[in-house]
Amino acid sequence: MRNRRCLTAYLRAMDYFGQLRRLLDIERDEDRQSYRRLTETASAAQRRESGVTWYPVAIRGQEMSRGDYLTVELERTTNKDIAHQFRFGATVALFSNHQADSDRIEGVISYQGGDRMKITLRTDELPEWASGGKLGVDLMFDEASYGEMYEALKAADLLQQKGTDGRLTRILTGAAAPDFNRPEPIATPGLNDSQNAAVQKILAAVDVAIIHGPPGTGKTTTLVQAVKALHARDGKQLLVVAPSNTAVDLLTERLHDAGLNVLRVGNPVRVSEHLSALTLDGKMALHPAMKDIKRLKKQANEFRTMAHKYKRNFGRAEREQRKALFDEAHRIMKDVESTEQYISKDLFAKADVITATLIGANHYSVRHLRYETVVIDEAGQALEPACWVPILKARKLILAGDHLQLPPTIKSDEAARAGLGTTLLEKCVEHHPEAVVMLEEQYRMNELIMGYSSETFYDNNLKAAPAVTSQRLMPEEEPLTYIDTAGCGYEEKIEGTSISNPEEAAFTLKQLTALVGRIHAAKPTQYPSIGVISPYRRQVQLLAELLDSYPELKAYPGSLVVNTIDSFQGQERDVIVISMARSNSEGAIGFLADIRRMNVAMTRARKKLLVIGDGATLAEHPFYAGFNAYAESHNAWHSAWEFLDI
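Sequential numbering from 817 applies to the sequence shown in the numbering used here.
Treat the hints as calculated values from the structure; they're not laboratory data.
Heads up, a few of these hints could be off.
[To be verified] With a Cα cut of at most 27 angstroms, we get these calculated BS3-like pairs of lysine-lysine:
1. LYS1150 x LYS1052
2. LYS1125 x LYS1113
3. LYS1370 x LYS896
4. LYS970 x LYS1326
5. LYS1212 x LYS978
6. LYS950 x LYS896
7. LYS1243 x LYS970
8. LYS1125 x LYS950
9. LYS978 x LYS1243
10. LYS970 x LYS1209
11. LYS1166 x LYS1044
12. LYS1309 x LYS1227
13. LYS1052 x LYS1139
14. LYS1209 x LYS978
15. LYS1114 x LYS1125
16. LYS1044 x LYS896
17. LYS1161 x LYS1113
18. LYS1166 x LYS1110
19. LYS950 x LYS1052
20. LYS1044 x LYS1227
21. LYS1139 x LYS1113
22. LYS1125 x LYS1150
23. LYS1161 x LYS1209
24. LYS1107 x LYS1150
25. LYS1150 x LYS1113
26. LYS1052 x LYS978
27. LYS1161 x LYS1139
28. LYS970 x LYS1150
All chains, full assembly: derive it from the sequences and hints.
Shown next as structure tokens:
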């Protein structure tokens, strides 16, 4: 019977990667169309507001780099507070807003930190318009990442048909089952029973192991100890990756703190001396040979500068002199490149762990490397085609994450519905439950805040650690409050593709003001961290605008953050206030029907969770009806009418 199931799974898997490529096609087309809508008719200022343009920028330096390309350092000189999407490895274009007909120069970001970035341009010299001012940088459509994913899917498709080499691929597509060696007894100090079981499962796994880490259960701590144990046992280099740079930064820092020699491929989002020192550039800067490299680069740049003086009206002698200068600069840069490759190879060889994003795992500096074990953290947020980029480099795979929190962002609803929204983590949890260990003890939430998520998502297996079970802001402040606004006439407003509810927003901030007042009355010097969140971006904008009308809340600079639920995944606060925004007679709740979003929202709070929403609208969905009942059973449900005099 088992052989028949394996055969059926194998036949189904034969078109597994073809289907993924078709879905990726749909996603790429939608993504490209979205990019065109955003950029083709927008001004530089509008693109800047959307986070895809830096304008204006100033050139702060330039030097020759690999392949005789020119690397320029740019700084944005104004509008420094605007969030942006520029990241290491992204394709960009330098342009002049002063000369609309000037050619753009494309390049790749080789460094981005704060308000500065370095771009390796596909040219050996800047055009004349670059000295005319009014320069900007546009983020280009990310064809390169899609290209990496396509190539990975094609390679995986070929690999699954091979014998031993294709075994991991067949396991991940459900066509084979994972194997485990005899469990190794282990008890890492500081880990609880389920965390130790997860480390033991990883050590025992021949091919695949999965850490299911619900909110607050110490997934990162467990993963770090597992990586440390694997390296201590096998003595082999590991690759540790995650979908976002922020997640990679956290892992890099924690692995380094655990005593491992970590090399971070790419640039950290959190620009700190500590993290920068773990990057390839940071480690190369400390290498003894870098003094010679700097001297040689300076010489090459001087030769090129001299050569560029011969631009117009020169004869044969000058032309030969110009060529000789370029040739000498080129020879010197060849020596530089050779020395840099030696240093880079040496640093990579000595690293215990390489960390990168999923796509960054195939950066030119590490493209050739293969690993005994690859670890993918935050796998519940990872697009499957991107996962195959690092998987192809592995003999053994560790997945860590929570498929019951938010999935990856997908632009195409069609692709998401057809299967692209289902992550590799979800598939492996379903196909290979024997490979999964769920972490069961959480260290974040009061047990009442945790309870409904544990009941709904985790079969009541999630437990609160003794230290947090009964934690509260104050003895008299209940940890959970649900205020039902049904019947108050707080109607939602549809604004473009988003939703707002002005009256609910004002009511929400009044309730928060009252809560802050109670805190100050009991503990005048206490400033707990507070998150005010909503599923809808327009409601978040409205809440942020209204804050100016509540001076009591201004006592919390830096302690009070207003943002979307999606932006809060991976974060936590002492107090979380959720404005649900939806209120209509049809019981329409839109993407709130994806209840994983509320699992994230409800599990961000440590000591106080305050939910405000229209119960009549929300309770049309069983999940929200269940939350109503849960709140009522714990005396946490209140009608908004009780508070209308506040």
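Hint-by-hint comparison with the structure:
1. Distance hint between LYS1150 and LYS1052 is unfulfilled; the C-alpha atoms sit about 32 angstroms from each other, more than 27 angstroms.
2. Pair hint LYS1125 plus LYS1113 holds up; C-alpha atoms about 19 angstroms apart against a cutoff of 27 angstroms.
3. The hinted pair formed by LYS1370 and LYS896 meets the criterion: a straight-line CA distance of about 23 angstroms does not exceed 27 angstroms.
4. The suggested pairing of LYS970 with LYS1326 is violated, with an alpha-carbon distance near 56 angstroms, which exceeds 27 angstroms.
5. At roughly 16 angstroms between alpha-carbon atoms, LYS1212 and LYS978 fall within 27 angstroms of each other, so this suggested pair holds.
6. Between LYS950 and LYS896, the direct Cα distance comes to roughly 16 angstroms. Compliance with the 27 angstroms bound is thereby established for this hinted pair.
7. Annotation: proposed proximity of LYS1243 to LYS970 holds, straight-line Cα distance about 20 angstroms (limit 27 angstroms).
8. Taken as a hint, the LYS1125 and LYS950 pair is honoured in the structure, with Cα atoms around 24 angstroms apart against an allowance of 27 angstroms.
9. Of the supplied pair hints, the one linking LYS978 and LYS1243 holds, its CA atoms being roughly 22 angstroms apart against a limit of 27 angstroms.
10. Under the criterion of a C-alpha separation no larger than 27 angstroms, the hint pairing LYS970 with LYS1209 is consistent with the structure, at around 14 angstroms.
11. For a cut-off of 27 angstroms, the pair hint linking LYS1166 to LYS1044 stands: about 15 angstroms separates their Cα positions.
12. Between LYS1309 and LYS1227, the direct Cα distance comes to roughly 24 angstroms. Compliance with the 27 angstroms bound is thereby established for this hinted pair.
13. The straight-line distance between the Cα atoms of LYS1052 and LYS1139 is roughly 48 angstroms, outside the 27 angstroms bound, and the hint therefore fails.
14. Between LYS1209 and LYS978 the CA atoms are separated by roughly 15 angstroms; this keeps the pair inside 27 angstroms, and the hint holds.
15. Among the hinted pairs, LYS1114 with LYS1125 is consistent with the structure: their alpha-carbon atoms are about 17 angstroms apart, no more than 27 angstroms.
16. Taking the CA atoms of LYS1044 and LYS896, the gap is near 39 angstroms; set against the 27 angstroms cutoff, the hint is violated.
17. Taken as a hint, the LYS1161 and LYS1113 pair is honoured in the structure, with Cα atoms around 20 angstroms apart against an allowance of 27 angstroms.
18. Only pairs whose Cα atoms come within 27 angstroms are accepted, and LYS1166 paired with LYS1110 is accepted, the gap being roughly 23 angstroms.
19. Restraint check for LYS950 and LYS1052: not satisfied, since their Cα atoms lie roughly 50 angstroms apart, outside the 27 angstroms limit.
20. Using a Cα cut-off of 27 angstroms, the hinted pair LYS1044 and LYS1227 is violated, with the two alpha carbons roughly 37 angstroms apart.
21. This hinted pair checks out: LYS1139 and LYS1113 have alpha carbons roughly 18 angstroms apart, not beyond 27 angstroms.
22. The hinted pair formed by LYS1125 and LYS1150 meets the criterion: a straight-line CA distance of about 23 angstroms does not exceed 27 angstroms.
23. A threshold of 27 angstroms between alpha carbons decides the hint, and for LYS1161 with LYS1209 the separation of about 18 angstroms falls inside it, so the pair holds.
24. For the suggested pair LYS1107 and LYS1150, the alpha carbons sit about 16 angstroms apart, so the restraint of at most 27 angstroms is met.
25. Restraint check for LYS1150 and LYS1113: satisfied, since their Cα atoms lie roughly 10 angstroms apart, inside the 27 angstroms limit.
26. About 25 angstroms separates the Cα atoms of LYS1052 and LYS978, which keeps this hinted pair within 27 angstroms; it holds.
27. Restraint check for LYS1161 and LYS1139: the C-alpha separation of about 33 angstroms exceeds 27 angstroms, so the hint is violated.
28. About 34 angstroms separates the Cα atoms of LYS970 and LYS1150, which puts this hinted pair outside 27 angstroms; it is violated.
Figure legend: structure checked against the earlier numbered hints; hints not met, in rising order: 1, 4, 13, 16, 19, 20, 27 and 28.
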